[in-house]
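**Student:** Using my numbering, the first residue of the sequence shown is number 8, and each one after it goes up by one.
Hints are supplied without guarantee of correctness; some may be wrong.
Subject to a maximum C-alpha distance of 30 Å in a straight line, what follows is the list of computed DSS-like cross-link-like pairs (lysine-lysine) [to be verified]:
#1 K332 <-> K308
#2 K271 <-> K217
#3 K383 <-> K398
#4 K198 <-> K239
#5 K333 <-> K293
#6 K333 <-> K194
#7 K294 <-> K252
#8 K386 <-> K326
#9 K20 <-> K92
#10 K315 <-> K294
#11 K398 <-> K217
#12 K271 <-> K332
#13 K315 <-> K198
#14 K198 <-> K252
#15 K332 <-> K293
#16 K217 <-> K333
#17 K248 <-> K353
#18 K194 <-> K20
#19 K332 <-> K353
Calculated from the structure, these hints are not laboratory results.
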Amino acid sequence: MLNRASEATDMLKEHIEKDNVIRIISHNDADGISSAAVLANALAEENVQFHTTIIPRLKEDIVNQLRHENYDLFIFSDMGSPFIKEFNTYKHDVIVADHHQVDDAEAESNVVHLNPHLFGIDGSKDLCGAGSSYLTVRELNKKHLAYFALVGAFGDMQGQNGFTGVNKLIVDDAIESGTLEIHEGLKIVSKASEPIFKSLAYTFSPPLPKISGDFEGAREFLERMNLSYGIKFNDLEDEEKDLLKDALISINPEIFGDCYTVPKEAPLLRDLEEYSYILDACGKNKKQGLGLSIALGERDKALDAALKLQRQYRDQIVKGLEWIKKQGAEQLNSIQYLYSEDKVLKSVMGTIASIGLSVELLDDSKPVIGLSRLYKDVKISGRTTRDMVEKGVNLGKALKDSSNNFGGTGGGHDIAAGAMIPYEFKDNFLHLVDEMVEYQLTND
Numbered sequence: 008m009l010n011r012a013s014e015a016t017d018m019l020k021e022h023i024e025k026d027n028v029i030r031i032i033s034h035n036d037a038d039g040i041s042s043a044a045v046l047a048n049a050l051a052e053e054n055v056q057f058h059t060t061i062i063p064r065l066k067e068d069i070v071n072q073l074r075h076e077n078y079d080l081f082i083f084s085d086m087g088s089p090f091i092k093e094f095n096t097y098k099h100d101v102i103v104a105d106h107h108q109v110d111d112a113e114a115e116s117n118v119v120h121l122n123p124h125l126f127g128i129d130g131s132k133d134l135c136g137a138g139s140s141y142l143t144v145r146e147l148n149k150k151h152l153a154y155f156a157l158v159g160a161f162g163d164m165q166g167q168n169g170f171t172g173v174n175k176l177i178v179d180d181a182i183e184s185g186t187l188e189i190h191e192g193l194k195i196v197s198k199a200s201e202p203i204f205k206s207l208a209y210t211f212s213p214p215l216p217k218i219s220g221d222f223e224g225a226r227e228f229l230e231r232m233n234l235s236y237g238i239k240f241n242d243l244e245d246e247e248k249d250l251l252k253d254a255l256i257s258i259n260p261e262i263f264g265d266c267y268t269v270p271k272e273a274p275l276l277r278d279l280e281e282y283s284y285i286l287d288a289c290g291k292n293k294k295q296g297l298g299l300s301i302a303l304g305e306r307d308k309a310l311d312a313a314l315k316l317q318r319q320y321r322d323q324i325v326k327g328l329e330w331i332k333k334q335g336a337e338q339l340n341s342i343q344y345l346y347s348e349d350k351v352l353k354s355v356m357g358t359i360a361s362i363g364l365s366v367e368l369l370d371d372s373k374p375v376i377g378l379s380r381l382y383k384d385v386k387i388s389g390r391t392t393r394d395m396v397e398k399g400v401n402l403g404k405a406l407k408d409s410s411n412n413f414g415g416t417g418g419g420h421d422i423a424a425g426a427m428i429p430y431e432f433k434d435n436f437l438h439l440v441d442e443m444v445e446y447q448l449t450n451d
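Could you build the full structure based on these sequences and the hints that come with them?
**Tutor:** Next comes the structure, spelled out in structure tokens:
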């Protein structure tokens, strides 16, 4: 894989030397914004001009529209692997730095396709989109940017139990460059900016059953220990912090572990997992430009605006989890699904599907499909557990194949995937996914 990364770097170098303006297209989640950030920061340091667009999904019409743009090099980061055949017909050079599942299209000489799946590496846990983007610029002496790849990995739920595979190499690069430090600590969010009951309720990874997503549950938990729930974690006495730590470890031992920090960063961005949540909130609220500007160094007003979005986004997740608690999921034989036309719930459907599984609000023995109506279409987010993947579930394949049957598009990872189909086929689509998952489980 590192040889393929060198090919991508060589192609990039060629265009840097010619002083060409470089076109970057990336995804609008935390991983996608981090991917764009790695590339944009590297190019800015090389005094190269670039034009970045961050989009929710790459579709055929966008691929065809881009081919007419007057750029010599296109970089697709955290997306692009399903379109290698189309990029082969571009008159320009193309680098695809992705980590989603691949099909069997071979890249022509104008395309460098950098994707862990091509080398037998799992793109759902061993390398994210920002990681592939980082490998594209790594040999330009950019190890100090490695931590952005880890922000992307956290955004893609890859670093929660320690880093594996190529991610481990990226951690080593970040430490070697002097930008990253690792220390043991409590992995609760917003220790310096939120009252402690909110810090606990907003902590979704690792999950704290009956506390994550539950303000009332978090308050009661703190009251039982005679701890004030209205002050910030950082303002607790050392003895109180130890008491809280022991109580949280008894609920989920993973709550105490390695924390990855960049000491030179602004306090609110020092913790890489927290950084990923801020970028994710920007992307989910359609302010991906704000997220990218922060990753390119803007602070003050930009960071204030992002924190406001983050708070709003977390409150939406809490609302979504309360809805799951009341409604539950609709059950089919091998899958369960959530459907809503509520504006707030639609914006967090994939997230609450994922968290609902981890905090035991949903049955973790069945993949969950979250559906949100968008005019004439339905946006689909599929989530399952690592345990179900080991039993044979591959949501990326199930959603891709099912959506193709109804004139839609889909794909992603075995553990998390997405699709878009016409609304009229919603029920037929769900039954087909149900059958496909059942087949995957019985034929593994």
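**Student:** Hint by hint, note whether the structure agrees.
**Tutor:** Against the structure, the hints:
Only pairs whose Cα atoms come within 30 Å are accepted, and K332 paired with K308 is rejected, the gap being roughly 36 Å. Proximity of K271 to K217 is assessed by CA-CA distance (about 36 Å); at most 30 Å being required, the pair is judged violated. Of the pairs offered as hints, the one joining K383 and K398 is violated, with about 35 Å between alpha carbons and a cut-off of 30 Å exceeded. For the proposed pair K198 and K239, the alpha carbon gap of about 6 Å is at most 30 Å, so the pair holds.
Restraint check: the Cα-Cα separation between K333 and K293 comes to about 28 Å, which is no more than 30 Å; the hinted pair holds. With a C-alpha separation of about 28 Å, the suggested pair K333 and K194 falls inside the 30 Å cut-off, and the hint holds. Using a Cα cut-off of 30 Å, the hinted pair K294 and K252 is violated, with the two alpha carbons roughly 35 Å apart. The suggested pairing of K386 with K326 holds, with an alpha-carbon distance near 20 Å, which does not exceed 30 Å.
About 24 Å separates the Cα atoms of K20 and K92, which keeps this hinted pair within 30 Å; it holds. A distance of roughly 12 Å separates the Cα atoms of K315 and K294; the hinted pair therefore holds under the 30 Å criterion. Of the pairs offered as hints, the one joining K398 and K217 holds, with about 28 Å between alpha carbons and a cut-off of 30 Å not exceeded. Among the hinted pairs, K271 with K332 is inconsistent with the structure: their alpha-carbon atoms are about 41 Å apart, more than 30 Å.
Between K315 and K198 the CA atoms are separated by roughly 16 Å; this keeps the pair inside 30 Å, and the hint holds. The straight-line distance between the Cα atoms of K198 and K252 is roughly 13 Å, inside the 30 Å bound, and the hint therefore holds. Of the pairs offered as hints, the one joining K332 and K293 holds, with about 27 Å between alpha carbons and a cut-off of 30 Å not exceeded. Restraint check for K217 and K333: satisfied, since their Cα atoms lie roughly 14 Å apart, inside the 30 Å limit.
Distance check on the hinted pair: K248 and K353 sit about 37 Å apart at the alpha-carbon level, beyond 30 Å; violated. Restraint check for K194 and K20: not satisfied, since their Cα atoms lie roughly 39 Å apart, outside the 30 Å limit. With a CA separation close to 16 Å, the supplied pair K332 and K353 stays within the 30 Å bound.
Hints 1, 2, 3, 7, 12, 17, 18 from the list above are not met by this structure, while the remaining hints are.
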